[in-house]
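Kindly generate the complete structure, drawing on both the sequences and the hints.
Going down the list, the sequences are from chains A and B.
Position one of the first sequence corresponds to residue 1 (this note's numbering), numbered consecutively onward.
Position one of the second sequence corresponds to residue 1 (this note's numbering), numbered consecutively onward.
Take the hints with a grain of salt, since some may be wrong.
These stretches of chain A come out as covered by chain B in the derived footprint (C-beta under 8 Å, 3 or more residues) [stated by the list, open to error]: (1) 35 to 49; (2) 104 to 116.
So these bits of chain A aren't anywhere near chain B, every CB distance computed over 12 Å [stated by the list, open to error]: (3) D63; (4) F65; (5) T76.
Simulated from the structure, these hints should not be mistaken for laboratory data.
Being a predicted model, the structure only gives us computed values, none of them experimental.
Heads up, the beta-carbon is just placed ideally off N, CA and C, and yes, glycines get one too.
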Amino acid sequence: GAGVSQSPSNKVTEKGKDVELRCDPISGHTALYWYRQSLGQGLEFLIYFQGNSAPDKSGLPSDRFSAERTGGSVSTLTIQRTQQEDSAVYLCASSFSSGLAVFNEQFFGPGTRLTVL
Amino acid sequence: LAKTTQPISMDSYEGQEVNITCSHNNIATNDYITWYQQFPSQGPRFIIQGYKTKVTNEVASLFIPADRKSSTLSLPRVSLSDTAVYYCLVGNGSSNTGKLIFGQGTTLQVKP
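This is the structure we're talking about:
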């Protein structure tokens, strides 16, 4: 596709349920990122994948959060036993590489709006 | 990662030039300065990036003084569609694995 796509665009779930959010990065991009944005706030880094390297999970807020990236392409962010404070927009981004001396431009998807009731 | 400070909000009118300044006193030698724009209900979009002096593209200009402790994003002749949140970020790919640290950003409201 032309850009980063995410699905679903909206997800409403009940507290305690598990959810899976999907990200399809731009073809050929080796780096993939997940961010979370609460209402009226800036973006919060969650996790980063670069090629076959071990992911940088330093931003995951708890062990209820996990992410996978299969085949170096599609990624799934899983939130187990959702809580109301998990409600936010979850954004995925991809870039050609993590860069060396220069920040490589990150291309963001439209996000998944998660509402936990 | 160098912390950035920018105004929370700014108002402007159509046709005016808007300058948004970002402070980054702890910027490191290898750090670049990058600005992103975010419209409501959309993901952020890259606007411009620079290391020193001045960078200009079709969207904006970025002015960086010699000490690099601040930078100014300049939007010429804004229109209503420039209403968005503008984020200033500082860092480099090799030291922080490429992840971006977003602050609150500056909410720019362009009025008719």
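- prompt: With a Cβ-Cβ cutoff of 8 Å, does the segment 35 to 49 of chain A contain at least three residues near chain B?
  reply: holds (count 7)
**Study point:** T76/A remote from chain B - nearest C-beta pair above 12 Å
**Key:** At about 18 Å from chain B, T76/A clears the 12 Å cut-off, so the statement holds.
Over 12 Å from every CB of chain B: does F65/A meet that, or does the non-interface label fail? Given a closest Cβ separation of 15 Å, the condition holds.
Measuring Cβ to Cβ, find out whether D63/A lies farther than 12 Å from everything in chain B.
holds (20 Å)
Requested in this report: Count residues of the segment 104 to 116 of chain A with a Cβ under 8 Å from any Cβ of chain B, then say if the count reaches three.
Outcome: As far as the segment 104 to 116 of chain A goes, the hint holds, because 8 residues have Cβ atoms under 8 Å from chain B.
The structure is consistent with each of the numbered hints, conforming to all of them.
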